[in-house]
Amino acid sequence: MPVIHTHVSVKTTAAQREALKKAYGKAISAVPGKSEGWLMCPFEDNMPIYFAGDGEEPAAYVEVNVFGSSVPRAAWEQLTAAICEALDKQLAIRADRIYIRYTATTDWGWNGSNF
Amino acid sequence: MPVIHTHVSVKTTAAQREALKKAYGKAISAVPGKSEGWLMCPFEDNMPIYFAGDGEEPAAYVEVNVFGSSVPRAAWEQLTAAICEALDKQLAIRADRIYIRYTATTDWGWNGSNF
Amino acid sequence: MPVIHTHVSVKTTAAQREALKKAYGKAISAVPGKSEGWLMCPFEDNMPIYFAGDGEEPAAYVEVNVFGSSVPRAAWEQLTAAICEALDKQLAIRADRIYIRYTATTDWGWNGSNF
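Chains as they are written, first to last, in the numbering used here: chain A, 1 to 115; chain B, 1 to 115; chain C, 1 to 115.
In case anyone wonders, no lab produced these hints; they're calculated from the structure. Cβ atoms here follow ideal geometry from the backbone N, Cα and C, with glycine treated the same way. Wrong hints could be hidden among the right ones.
[To be verified] The calculated label-pair distances, taken between Cβ atoms and stated as ranges, are:
#1 B:Asp96 with A:Lys26: 21 to 31 Å
#2 C:Asn111 with A:Asn46: 17 to 27 Å
#3 C:Ser29 with B:Asp96: 28 to 38 Å
#4 C:Ala15 with B:Pro32: 40 to 50 Å
#5 A:Ser35 with C:Ala92: 39 to 49 Å
#6 A:Lys26 with B:Glu56: 14 to 24 Å
#7 A:Ala52 with B:Ala74: 38 to 48 Å
[As the list claims (entries may be wrong)] Over 10 Å on every C-beta distance to chain C, these chain A residues come out as not near it, computed from the model:
#8 His7
#9 Ala81
#10 Thr103
Required output: the full structure, derived from the provided sequences and hints.
This is how it looks when you write it as structure tokens:
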């Protein structure tokens with residue numbers, strides 16, 4: 001039950017989102033027990049995002065939410081490196097204009113009932 | 001202070017959102033102390049959502065956030081059943097392509113001050 | 001690492017978002033250790049938002065997420081007052097149609113690694 005929810009200020013193409021999704025799918029395996037088979041990736045693009053008072057340079061806000069009570073810090077570190085690299089490569093968003101917020105929570109619904 | 005924040009990959013009509021909002025309004029009463037009178041329902045539609053590597057089949061990501069320190073698990077279970085049923089009925093999104101993430105947190109603002 | 005993520009039902013202009021961003025930038029200094037230099041402000045507008053069963057009157061849902069383990073309640077209170085005032089002034093959204101959800105969490109990525 002991992003979700004990687006991407007908000008970016010730039011426009012994206014289907015090919016770029018496909019490449020990001022593939023990169024996320026590989027990266028999520030850094031988190032114990034998670035794989036692309038359970039990964040959801042919503043994308044929101046072309047939205048105004050200010051960072052440090054500036055709304056001109058491309059920026060990204062990514063929320064990574066997983067099912068569970070905790071995740072080793074090293075796993076989040078690996079994800080941060082992979083997500084920043086993918087957003088820079090695909091969308092030319094500089095890593096210092098990206099925030100990624102991580103949460104692990106225990107109440108998730110899927111397929112009509114809860115995990 | 002419950003919020004049911006719906007993200008779906010398909011387009012929605014005003015009538016469909018109205019029907020979903022009504023279904024959510026009934027369902028939220030499963031959570032002790034909550035009612036439609038305090039329920040907020042933001043809708044985001046027609047957005048790319050990948051699940052299990054696939055971006056073709058309809059999918060939904062729903063965040064249910066309430067004011068409070070905890071909620072009985074049985075209440076979340078009832079909500080999951082009702083939300084999945086409503087999304088399937090109104091938008092033909094299969095329950096196994098829906099994630100619902102639940103949180104209860106204690107800091108909320110409304111009407112100029114905090115609860 | 002504060003993020004003020006604004007969702008509003010009304011359309012916004014670049015000038016209105018600029019004014020909101022400025023107001024948020026001033027307001028965030030109420031939170032110990034935070035400043036506009038680290039503030040990210042994603043904006044989503046013109047989206048359907050129901051509140052108390054009504055989808056006609058303007059409404060807003062704001063998520064304020066910061067890095068850290070806790071924040072003094074008084075700081076959140078000041079933010080609520082400032083955010084409600086700014087949304088009313090710029091977008092004519094009444095304070096009693098605004099929810100603001102606050103979280104402080106400890107896992108954040110930026111610039112390729114985690115704080």
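When you take the CB atoms of Lys26 of chain A and Glu56 of chain B, is the distance between them in 14 to 24 Å? holds, 20 Å
Distance restraint evaluation - Ala52 of chain A, Ala74 of chain B, Cβ atoms, bounds 38 to 48 Å: Roughly 45 Å apart at Cβ, these two residues keep to the hinted range, so it holds.
Has the hinted range 39 to 49 Å been met by the Cβ atoms of Ser35 of chain A and Ala92 of chain C? holds, 47 Å
Distance restraint hint 17 to 27 Å, applied to the beta-carbon atoms of Asn111 of chain C and Asn46 of chain A: holds, 23 Å
Range agreement (Cβ of Lys26 of chain A with Cβ of Asp96 of chain B, hint 21 to 31 Å): holds, 23 Å
Tell me if the beta carbons of Ala15 of chain C and Pro32 of chain B are separated by a distance inside 40 to 50 Å. At 44 Å between Cβs, range holds.
Exclusion check [Thr103 of chain A not at the chain C interface, CB over 10 Å]: violated, 6 Å
Are all C-beta atoms of chain C more than 10 Å from that of Ala81 of chain A? Nearest chain C Cβ is 6 Å from Ala81 of chain A, so the label is violated.
Non-interface label on His7 of chain A, tested against every C-beta of chain C at 10 Å: violated, 5 Å
Looking only at beta-carbon atoms, does the pair Ser29 of chain C, Asp96 of chain B fall within the given range of 28 to 38 Å? Violated, at about 46 Å.
Violated hints, listed in ascending order, are 3, 8, 9 and 10; each of the other numbered hints is respected by the structure.
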